[in-house]
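Peer 1: Here is how the chains run, residue by residue.
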Amino acid sequence: MFIIYNQMGSGYLESVNPVILSKKIKTFGKIQMKLLYEKSVSGRRAVRPAPSDVPTSINLDSKLLREKEADLPELSELDIVRHFTELSRRNFGVDTNFYPLGSCTMKYNPKVCERIAAYPGFCYLHPLLPQLRMGGILTQGALQVIYETDLLLREITGMAAFTMQPLAGAHGELTGIMLMAAWHRDRGHKKTILLIPDSAHGTNPASGAIAGYEVRAVPSDKTGVMDVQALKEMVNDSVAGLMLTCPNTLGLFNPHIKEICDIIHGVDGLVYYDGANLNAITGKVRPGDIGFDIVHLNLHKTFGTPHGGGGPGAGPVGVVERLTAFLPVSIVVKRDDGTFALEYDRPKSIGYIAPFYGNFGIILRAYVYILMLGRAGLIRVAENAVLNANYIREKLKDHYDLPYPQLCKHECVFTAKRQAAGGVHAVDIAKALIDAGFHPPTIYFPTIVPESIMIEPTETESKETLDDFIATMIQIAQTAKTNPEKIKSAPLSTCVSRLDETMAAKKINVACVQKKE
Amino acid sequence: MIKDDLLYTRDHEWVRIDGDQAIVGITDHAQEQLGELTYVELPDVDKQVQAHDVLGVLESSKAASDVYAPVAGTVTEVNSKLEEVPDLINNDCYEDGWICKLEISDPAAGKSLLNAEEYEEYLRGLET
Chain V
1 MFIIYNQMGS GYLESVNPVI LSKKIKTFGK IQMKLLYEKS VSGRRAVRPA PSDVPTSINL
61 DSKLLREKEA DLPELSELDI VRHFTELSRR NFGVDTNFYP LGSCTMKYNP KVCERIAAYP
121 GFCYLHPLLP QLRMGGILTQ GALQVIYETD LLLREITGMA AFTMQPLAGA HGELTGIMLM
181 AAWHRDRGHK KTILLIPDSA HGTNPASGAI AGYEVRAVPS DKTGVMDVQA LKEMVNDSVA
241 GLMLTCPNTL GLFNPHIKEI CDIIHGVDGL VYYDGANLNA ITGKVRPGDI GFDIVHLNLH
301 KTFGTPHGGG GPGAGPVGVV ERLTAFLPVS IVVKRDDGTF ALEYDRPKSI GYIAPFYGNF
361 GIILRAYVYI LMLGRAGLIR VAENAVLNAN YIREKLKDHY DLPYPQLCKH ECVFTAKRQA
421 AGGVHAVDIA KALIDAGFHP PTIYFPTIVP ESIMIEPTET ESKETLDDFI ATMIQIAQTA
481 KTNPEKIKSA PLSTCVSRLD ETMAAKKINV ACVQKKE
Chain Y
1 MIKDDLLYTR DHEWVRIDGD QAIVGITDHA QEQLGELTYV ELPDVDKQVQ AHDVLGVLES
61 SKAASDVYAP VAGTVTEVNS KLEEVPDLIN NDCYEDGWIC KLEISDPAAG KSLLNAEEYE
121 EYLRGLET
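Chains as they are written, first to last, in our numbering: chain V, 1 to 517; chain Y, 1 to 128.
Check before you lean on any hint, since a few could be wrong.
[To be verified] Here are a few chain Y residues that sit away from chain V, every Cβ distance over 12 Å (derived from the structure):
#1 K3
#2 D4
#3 I17
#4 D18
#5 Q21
#6 K47
#7 K62
#8 A72
#9 E77
#10 S80
#11 D96
#12 K101
#13 A108
#14 L113
#15 E117
#16 E121
[Stated by the list, open to error] Dumping the calculated DSBU-like pairs for lysine-lysine here, alpha-carbon to alpha-carbon at most 30 Å:
#17 K3(Y) to K47(Y)
#18 K507(V) to K81(Y)
#19 K101(Y) to K507(V)
#20 K3(Y) to K101(Y)
#21 K506(V) to K47(Y)
#22 K47(Y) to K190(V)
#23 K417(V) to K3(Y)
Please keep in mind that the hints were generated in silico from the structure rather than gathered at the bench. Ideal placement from N, C-alpha and C gives every residue a C-beta, glycine not left out.
Just chain Y, same shape as in the assembly (with noise of 0.2 Å):
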């Protein structure tokens, strides 16, 4: 399941751009690859990151698997509900499953996003 009006990257992440604000989780691919989360680690409040630096990290019974940052910027607020109760993201990742907020430090943040299209089409690339 494709979001048509969220950015992607290819590491599997969705990001929400809203003028300078940007909402980040994980994609229904990521999610399904992982398995059932037993673990999310987030990131602080008022942590910098660059684009594609570790914004947290995600453990299943599978695997551990770092979130990377899609875009630069300053994390304002974290879903700390996923503490508790990690499969949020399973369950719901586009909503409830939401990982952080950053405010964006670059207004050109995303140019180098996929859009759904492209994501979906990257997503069968990696079918193959």
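Bound conformation, chain V alone (with noise of 0.2 Å):
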């Protein structure tokens, strides 16, 4: 067996074994709290089976026996279920608290899809079936849903199908130039290089580096998107395509966006359309219609499924006809009687990308959120995400700088520099927010803002939410300049106070626990 787990200096963060991170949680300050361990006592039980009749005689290979007991915790059930209670308590999310995370879309996921996704008989399906004699018949429904969330995302963003295997958003910029590659091979180009903005999210060269090109990077313009003059030098006939988040992680939507698909398409380029900021233009918008041949996009973020902590997540990546051969296998098709099937005979398909069919489960939340809400909802969403965002970029715009100080579209991007001159960090401003009982939001990104605080309110936040929110961050403005050191030393009111995160990065003590043979 493999344990991994991620040890610092003075706690520990995560683990794939819910015993040994019960067992290294430890928490300092206000509310004290034993381990599990801590509470053991010896012959204490939970559940008392019957005694076994399996005989202990049998002859196991030494090695395949302990060589100790096992160091379990003896509890109560009781003591369980309050100590993960009490844990519970501590969670924070969006269910909880504002959570303005940027470039995270941090929306309110509706209970109804939660319910639904709980069917048993969706939550309950064996993914294999499908494949089994006689099992499509079992999954019809599944198949459905997963051939109706396609059809859904191609009238959202214009393409012309998708594939739902990929199970987050840089699975599915890594799904897309593997595609963009894919097409240039058929199509016998020897192309290298491809372009991506300097504001771009780091998933982006990783994406295109991990596919095999040479990544390269545009600058930005002094009005904070794409600069075009840039992007036409470096342009050539060896470029194999354009990454490009639109509107971008400053929130800003290229107005040269026409001109910068034509530019790319005139070296026989494709250009890829980063998702992760659809929440903004949802209904207004299609990538499709302005000349993006490549869409991934995050369901987790802009269709309001949970997310956070690593997943699950969903990229379905969507591409225009000229690329449909290339999509993995395999995809759901509808017969012509009316039942649907998996198809695999796609010879120029790039193979598998993920086990299955993506991740289901997302996939169906998503289904819902989309058919729920409807054309006219999803328009409204994008309408309101971009109207919380610049109410708080103009409320807050006397208090941080605004690097750019146009309108934004569903985050907008402060800098702290105002602060930091007096000490005060755009770090400080993220912690002093949480004793005030909000998330953080994004920091040091983009990294084409010095001291940035990225903002992203997303749509389901109201008015009185998003005005405490304000005022918070007035009052930190306000202590900043008056008393910065209770501002540095935030948070005081949480359990665990301030992390060092330096340490935690640099100290990492990755231990990997395997039974010596």
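Both chains come to you apart, so use the hints to assemble them.
Peer 2: Rendered as structure tokens:
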């Protein structure tokens, strides 16, 4: 067995093994909480199963036997329930507090989507079922959900077809760039360069590099969007394509977008739409109509499914007609008799990009979300997301500097330069927000803005919540002037005080415990 | 803090050129922007680079950033202490925090680099 945990000086972050995790979590400060192991009382049990009637004299190979007794905590059921309920009360999420984490679209996830995803006919399906003999008839509903979500996403993006397989945004990016490469190979092109603006999410250059391209960064112009002149100078016949997030990470829609697509198409390149920020333009603009060739969507952001802490996500990739032959296998198709089936006969396909059909539970929730809101609802989503971001931008602009002061889309980016001059940095402001009950915004990203504070309120927050947040931000800006030390020592109200992030990154102690052969 | 006897790039590397030898590091402005470094990826000795090629990678808890070669040449030595103590760059970016040494391939190298005054001017431009 492999147990991987991430260990640092003063606490423990992640684990794949809940027993190890609960053994390692220590808390500090106000509310002390004992570890399960510290609560252990010898002989105490939650369950007392009947005596085993399996003979103990089986001759097992000695290397299969434990060397010593398993070190497990001994607790009653009530001990365990109280322990984990107490831990769960420390959870922070969209269901508890405002979560304006820029670039992450932490909108409220409607509970009706959860309810439908929990229907036994969906949640007890085995993923192999559609591939088994007579299994197709038992999975028609699930296949229909995948098929119809594909159709809905086509309508929203203007693409010709989707693969639902990619399991997250970055996975979608990799899939999309692999499709780009497959198309160029098929046409006999020898292209090596992928262009990406300097404001891009870090996953873009990573995806491009993993797909085998040499990545070059296109600078931003004075207005904060990709510099068209610089792009023209960088474009040549070796350019395979361009990856673009639009609106970009500054929340700005590139007004030259059509010209940009034309420039790339002019050298037989493809234009990739990173859908991370689609929430700003859903129902308003379709990437396919502008000239984009490949699109990935973050269902977990735009279409309201729970995410954070690394998943679960879904990053379907849509393509224009000339790229459909390369999509991964399998694809859900509708037969003439109205039934649904998986199609594998796709000779030009790039193959499997994920097992089965993607994160089906997430696709299902997004399907419910889209149907529930409908066309008019999705347009209002975009409008309110943009309105909320601009409300915050306008209300805070006298208190924090705006590197790009124009109207924004779904998120606004401030710089804490003014506060930093007095010793209070973006990270301190973020920590102070925690004390006020808000999740911090994204900080130090996009990297082209020093001391950046990136706020994405989403459409689901009320004016009252936004006003509370704005009042807190103004209060922090005042305190930064009068009592900077108070901000720099935040958070004070949490069970764990400020963590040493440098130490956490430097002194990584990843232990792989494997029983010796 | 800018040193008068060095040359600079617009990507915030400094270089000290002595004949065909060059020592490369990042500027005080760069280390301040990155924050306390957590990891330094150094180039291989004997690696040949053109100007603007990636020499190495710096990581802090804020960001990861490439270090570019200010001049073309061959890597002759790297500051391997940085692998253990990356914050040497934070504490002393111009001396103990040097990153690598290059044997310069083009004698005219450095012509396009900024002197201290020009770099200071360039930084002021970034402020506004």
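Peer 1: Provide an ascending list of the numbers of those earlier hints which the structure does not satisfy.
Peer 2: When the structure is compared with the hints, only number 7 turns out to be violated.
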